[in-house]
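Engineer: The primary structure of each chain is shown beneath.
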Amino acid sequence: MAVLRTFASFVADSARLVLKGGRLYYAWIAFLLVLIAVGAVAYTGQLREGLIATHMRDQVSWGFYIGNFTFLVGVAAAAIMLVIPAYVYNWEPIKEITILGEMLAISALVMCLGFVLVDIGRPDRFWHILPFIGHLNWPSSLLAWDVLVLNTYLILNAFVVTYLLYCAYTEKHYVKKLVLPLVLFSIPMAVSIHTVTAYLYNGLASRPFWNSAILAPRFLASAFCSGPAILLILLQILRKTTKLRIKDEAIFKVAELMAYTMGFNLFLTAAEAFKEFYSNTQHVVYMQYLYFGLKGHYALVPFAWASVLCGLAAFILFLVPKTRKNWITLNIGCVLIYSSVYIEKGMGLIIPGFTPDTLGEIYVYRPSLTEVLVAGGIFAIGFLVFTLLLKAAVPMMLGEFTHTKGRDRFKDAVSSAG
Amino acid sequence: MTMEQDPIPQPESCEGGCDVSRRVFLGAAVATVAGALTGCGDISAEDFLQRNFREMSKQEVQETIARLEREYKEQFGRDVYVGNEPPIPGVIFAYALDLSRCIGCRRCVYACVKENNQSRDPQIQWIRVLQMDKEEGVNLEHDTAYYDPPEVPAPGHFYMPTACQQCKKPPCVKVCPVGATWREKDGIVVVDYNWCIGCRYCMAACPYGARHFNWGEPHLPADELNPHTHYLGNRPRYKGVVEKCTFCIQRTRNGRYPACVEICPTGSRKFGNILDPTSEIRMVLEHKRVFKFKEDLNTQPNFFYFYGV
Ligand code: SF4
Ligand code: SF4
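The listed protein sequences correspond, in order, to chains A and B. Take the first sequence: its position 56, counting from 1, is numbered 56 in our numbering, and each next residue is one higher. Take the second sequence: its position 292, counting from 1, is numbered 292 in our numbering, and each next residue is one higher.
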């Protein structure tokens, strides 16, 4: 009973933390809410008209939504890029901040589920996919697997984050025997969400562009650099705006790991390109469409090369210790990695898979305004979730705010964690 | 064809029943909310709670069909028969298409649209006729479905009609996350339009571009509606679900030829029971050399192409 009561006050206090903030905080939240509202209006239109409001058609039957979904599954891996050095190598400077990675994972997964939901034609039949209640075609369908692993990973992270914060709030030390196995379990889970998502495409013999054995390794390699790219920028913002102490070496360590994964990712991409272009079978057309254009259609070409160049530049910036330890070049590198992987794992993966289609037709797909607005709304939801999580978590992590301490902050209009 | 022995339409027996009244009661509220939230209009509780066709009891199938007939009557102002004739024992359907005869006139395309109640706007067509270069042979890098010469066949070209190949190992069935599409005992791959969630994974998996999505609300003028339908076949479809060729299940399970076979002016299309040694399809397999489209993918189509002359 007592536990329940404390937990209730934990929830209530978190809500109060989230509601109180500085002017900048409110402006940011308002901005996100506007984006969400615009997205919601666009989505209502899509529900009324049907998916014809998008530019997807029979030839290219998945597009921007599924591209973003795929990219965000990668971002959700960010957590384990912190967990591995922290817990496996017992590297203390990172340990305190792994919870940030887990919160990023939660937000990314919320967006993933959002993108799947807006992509399906009959959201009113969502219950058909629920195990036991509906009819989940498991183990045959990889989409069924994906539903299971994504939700497990989401629940796992949500539990760990809540538990750690609750311990901080009640000023108790967390039970290591409980947390450690869960955190370690999240490593294979993170690997599995990528593998399963890659297999989703990989298993389709109808689409030679995806039907390549190194698709899953490529997913892992690119995910392990894009997620941390966001985290690195975030860590710098947090230590400027809050009292959270994050050591330089922690940031540099993560950057070093990213250099290796980016290098590996580029190598895998090159291996794939070599196989296609050198053997030059009919299957080369998809990669040709992506990098050189096909039969007068060049829609993806500039993006494809931008992705390769950004990736290369970032790899060099992160590899050379001097540029890795320089804040300006480090941050440029993060943005470059983010852009490179966003193109590669988003539209650069989905669209060439469908172009030309299985009967040889080229349908040039570009997202419609509805798709862009709806996607904007979902990204805003993700950022909102992340902001709110941070807002409540940071003062608790710092020990500034617990069930006994820090209540006076509710009296001031401006909080230090704004 | 020896399909004359009239099958008695009887639903396949299904195990398991369910407490309909409790489900309806719980579902009514959920359905209203789901309908309102998802903009899918006024779905009734029965609509919302309808189960996968293969999991329904005989009685549930009857009730569902009665409800659908009522709904279609309301929608089109005409009586619509929704059948659920089961597969005929001892029959597996197969198709053979003579590439040397086909002239690319697309009469099959339009006969199919008419017979199978495809949406006229947005246009959905289950058959796609590809114009190929004679010099290239069957080569998907040198084809188009958008040919429009003053007269067919155009010089230097031949034609290859495609549709669902009714694969023995259908990748579309394998990937569906909710079991909304499956292969029947007579080899026809079908979709339950009331169970499909519209994720389009099957469209990504099909190597033949055979599956089509209702991107918008399907429009079918009431006077063009074919009222003789089958639950798993040509009954009018909904927005947001997938559909495909079913070998005219509503005809072939009643001993008739598919509409495309009947209409073809050159006799390029052969159809029949592959288990019957005297059938035309067996004659083709015996005396002509056939090939399967994209054989290397091991989808094992029950659809063959051949060069008759
Ligand atoms: S042709 Fe396509 S839709 Fe038809 S059974 Fe094969 S995979 Fe499925
Ligand atoms: S679109 Fe429908 S039939 Fe196709 S995989 Fe999704 S739920 Fe199954």
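Hints listed in this document are in silico derivations from the structure and should not be mistaken for laboratory results. Since the model is a prediction, treat every value here as computed from it, not as a measurement. Please note that a few of the clues may not be correct.
Incomplete in silico selection of chain A near chain B, CB under 7 Å [what the hints assert, rightly or not]:
hint, residue
1, Gly21
2, Ile120
3, Gly360
Heads up, incomplete: computed chain A residues facing chain B, CB under 7 Å, no partners named [to be verified]:
hint, residue
4, Gly50
5, Ile52
6, His55
7, Gly121
8, Arg125
9, His128
10, Ile129
11, Pro131
12, His135
13, Ser206
14, Pro208
15, Ile246
16, Lys247
17, Asp248
18, Glu249
19, Leu359
Beta carbons are placed, not taken as given, at the ideal position from N, Cα and C, and that holds for glycine.
Engineer: Hint by hint, say whether it matches the structure.
Structural biologist: We went through each hint and held it up to the structure:
Interface hint status for A:Gly21: violated, as the beta-carbon distance to the closest one in chain B is roughly 30 Å, over 7 Å. Using the Cβ-Cβ criterion of 7 Å, the hint placing A:Ile120 at the interface with chain B is satisfied: the shortest such distance is roughly 5 Å. Residue-level restraint check for A:Gly360 holds (minimum Cβ-Cβ distance to chain B is 3 Å; threshold 7 Å). With a cut of 7 Å, the hint placing A:Gly50 at the interface with chain B holds, because the nearest CB-to-CB distance is about 4 Å.
For A:Ile52, the interface hint holds, the least distance from its beta-carbon to any beta-carbon of chain B being 4 Å, beneath 7 Å. Given hint, A:His55 at the interface with chain B, is violated; its Cβ is 10 Å from that chain's nearest Cβ, farther than 7 Å. Interface restraint check for A:Gly121: the shortest CB-CB distance to chain B comes to about 2 Å, inside 7 Å, so the restraint holds. Given the 7 Å rule on beta carbons, the hint for A:Arg125 holds: about 5 Å separates it from the nearest Cβ of chain B.
Below 7 Å, beta-carbon pairs count as interface contacts, and A:His128 has one with chain B at about 4 Å; its hint therefore holds. Checking A:Ile129 against chain B: minimum C-beta separation of about 5 Å stays under 7 Å; hint holds. Contact between A:Pro131 and chain B, as hinted, is not supported at the beta carbon level, the nearest pair being about 11 Å apart and thus beyond 7 Å. Taken as an interface hint, A:His135 checks out: its beta carbon lies about 5 Å from the nearest beta carbon of chain B, inside 7 Å.
Annotation: interface hint on A:Ser206 holds; nearest CB of chain B at approximately 4 Å, less than 7 Å. For A:Pro208, the interface hint is violated, the least distance from its beta-carbon to any beta-carbon of chain B being 10 Å, above 7 Å. Checking A:Ile246 against chain B by beta carbon gives a least distance of about 41 Å; that is not within 7 Å, so the hint is violated. Annotation: A:Lys247 was flagged as interfacial toward chain B, and the flag is violated, the nearest CB pair being 45 Å apart, outside 7 Å.
Interface restraint check: A:Asp248 against chain B, minimum CB-CB distance 46 Å, threshold 7 Å, status violated. For A:Glu249, the shortest C-beta to C-beta distance to chain B is roughly 45 Å, which exceeds 7 Å, and the interface hint is violated. Residue-level restraint check for A:Leu359 holds (minimum Cβ-Cβ distance to chain B is 4 Å; threshold 7 Å).
Going down the numbered hints, you'll see the structure goes against 1, 6, 11, 14, 15, 16, 17, 18, while the others check out.
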